[in-house]
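Model the full structure from these sequences, guided by the hints.
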Amino acid sequence: MSTVSTSETAPTPFMQGLRDAVPVAITFLFIFTAYGAVARQTGLDAAETVAVTLAIFAAPAQFVILEPLKQHAWITVAGIALVVNFRFLLMGAALVPHYGSLPHRRVLPPLLFLSASTFALGYTWANQHATRSAAEKLRYYVGVVTLSVPLAAGGSVAGFLADDILPAELSALLLLVMPVYFTTLLAKAARRRAPFIAGLIGFVLVDPADQLVPGFGLMIVAVTTGLVIVLVEEIGARHGRAA
Numbered sequence: 007m008s009t010v011s012t013s014e015t016a017p018t019p020f021m022q023g024l025r026d027a028v029p030v031a032i033t034f035l036f037i038f039t040a041y042g043a044v045a046r047q048t049g050l051d052a053a054e055t056v057a058v059t060l061a062i063f064a065a066p067a068q069f070v071i072l073e074p075l076k077q078h079a080w081i082t083v084a085g086i087a088l089v090v091n092f093r094f095l096l097m098g099a100a101l102v103p104h105y106g107s108l109p110h111r112r113v114l115p116p117l118l119f120l121s122a123s124t125f126a127l128g129y130t131w132a133n134q135h136a137t138r139s140a141a142e143k144l145r146y147y148v149g150v151v152t153l154s155v156p157l158a159a160g161g162s163v164a165g166f167l168a169d170d171i172l173p174a175e176l177s178a179l180l181l182l183v184m185p186v187y188f189t190t191l192l193a194k195a196a197r198r199r200a201p202f203i204a205g206l207i208g209f210v211l212v213d214p215a216d217q218l219v220p221g222f223g224l225m226i227v228a229v230t231t232g233l234v235i236v237l238v239e240e241i242g243a244r245h246g247r248a249a
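Every position in the sequence shown, counted from 1, becomes a number in my numbering once 6 is added.
To be clear, the hints were calculated from the coordinates, so they are not data collected in a lab.
Only true hints are included.
Label-pair ranges, simulated between beta-carbon atoms: (1) T137 to L96: 20 to 28 Å; (2) A84 to I32: 26 to 34 Å; (3) F94 to R25: 23 to 31 Å.
The C-beta atom is built at its ideal place from N, Cα and C for all residues, glycine as well.
Dropping the structure here:
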């Protein structure tokens, strides 16, 4: 009887992904609201503002790419897009052991919305539920994306429409808020020391990195921190198998 009761009350992987994505989605709403306001100030219209969100889905890069878009500096835009989309190679490689047995047509569409947040949740849950099937792991990630993407797009529209009433300091505040958010997200999701330390290092290094490379500091630190997290997880897994 207890087994039946547990199976009835336990959420499906998709529903668990929706639940775990709530803090991510709420944070996305605020972050992308700030982006939407800056996009309007840069000269983008509402459709272009949302299109950039859906095409890039990485708030730090979206802030960086706005000025080159305004100036039609397409080589710079292409360079930024190349650097940002390098995340798909890194994050995708980390997810191959979990989703690799599934057909590409099923896996690739949701992976277009990989971000630091959606990857952290999907990768950590898959590692913590190693005995689950690849389909169940993917359904969890799809649940995360299903809630996160609409609120990111909605935030972009809200920021575009509310630009006149939003404080000008909002985007500057975002530079400090985002690393703190990622640190707490990783600490809660991973429940391990290494990701938390990596997030904390990212928080400390964002400002110095932005001083050295204005406009790119947050993106560089985010990518570097993500690499550290993946490497620590993989090294730990290999040592565990060797033991």
